[in-house]
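Undergrad: Its first residue numbered 26, the sequence shown is counted upward by one per residue in the numbering used here.
Just so you know, not all the hints are guaranteed correct.
Below are the DSS-like pairs computed for lysine-lysine, each with C-alpha atoms no more than 25 Å apart in a straight line [as the list claims (entries may be wrong)]:
1) LYS350 / LYS292
2) LYS292 / LYS348
3) LYS292 / LYS320
What follows is a list of derived Cβ distance ranges for each label pair [as the list claims (entries may be wrong)]:
4) THR388 / ARG115: 41 to 49 Å
5) GLU145 / ARG55: 40 to 48 Å
6) ARG367 / THR41: 56 to 64 Å
7) GLY67 / ASN176: 35 to 43 Å
8) ARG115 / GLY67: 23 to 31 Å
Rather than coming from a laboratory, the hints here were simulated on the basis of the structure.
No residue lacks a Cβ here, since even glycine has one placed at the ideal position from N, Cα and C.
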Amino acid sequence: MMQYEPWPFLPPNAFTPTQADRWWQACFLRTEAIRDFTAVSGSAILVGEAGSGKSVALQALLHETAASLLHVPYPVQNWPQGQRPWLPGRRHVSQMMAATANEIVRLLNQEPARFHNCHELLQEFLNWLVQKHLGRRPLVRLLQQINRTTNSSLAIPAKDDIEDIYPSDDHTADVRGQIDELAELVRALGYSGVMVTIDLNEQEASISGQDLGELFRLDLLENPGVVVRAALPRSVVQQAQIENRVGGHLRLIPVYLAEADITELVKRYLQTATGGQLSGLDELANTAVLTRARKEIQSLYNAPTVAGWLHWAETLLTHYLAKPKPVPLTDAREMAVVYYRRHVPLRLVPEQMAVWRGPQLLTLDRQPF
């Protein structure tokens, strides 16, 4: 009986550590866009259609820079108009500083000895950063933890003793000042810089209501010690005219997978899932089914995308192995129905009078009843 491990088709956050290591070794394909995205210095945006591999490229970057850069995730939920902003009513700069403060507190709770690499001025900045963006209690708990675990006697400053060094998140001098000090602080803590990461899909882009131009403002991009790396839908980048706003301070990298890349990725996933016994979709289904798969992917994504083909590979493989005697599948309509049920969820958006069908937003007509 054929060995089958379904885990390669699961979301990466569902992998065990062992499975994650195997995925990088057996499934990952370093495409040209990924090479560019991981090699470029400074801030950059990977631009592409839904399902084109943007998120994988971002994960590859995180994987390669885990030891050298402090990673700060900045999901849309924490944006100024998101569902859970760090600081309601404040701009992107404050939200990003809060997210960074949270990661620094997490780091110092795990490795408190790093704190003592900071000179007095940086310690003052750290106190300001944590109290202003996370609150007084997290600062007190952090300093107590450092004292307790490193046999230190750091003074716990009173709330009013901490000067509001940079009161504004809008004035250029304040923004540049806090970004510059943040870069110096992170270097003292043992990293070469901060990397703020954004992974925005089509649904999040449609509800974010954000000014991406303000997110990628020039004074956030001028210090090489604090960079922004984002994976964004092409339509969002074009609508916000991001490239025109920031000139040479931000590189836009298009992602496109050639058909040969997609074929190779599907092969790697099938081989990993079946212990090397299967390597091509033509072993799972006949030409009619694969032609239908290509048609449905084009309809959903407007392009041949790796996500679409991997979803079809999982659908076909599961049904192929479910038969008493595995033989190539021949019912194209049945496989299309199963594919949509398994991988193309529907989500109603009443406020937009629309429905998300996978990556597609379909508007609804108002009915007179």
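Undergrad: Could you check the structure against the hints above and give me the numbers of any it violates, in ascending order?
TA: 4, 6
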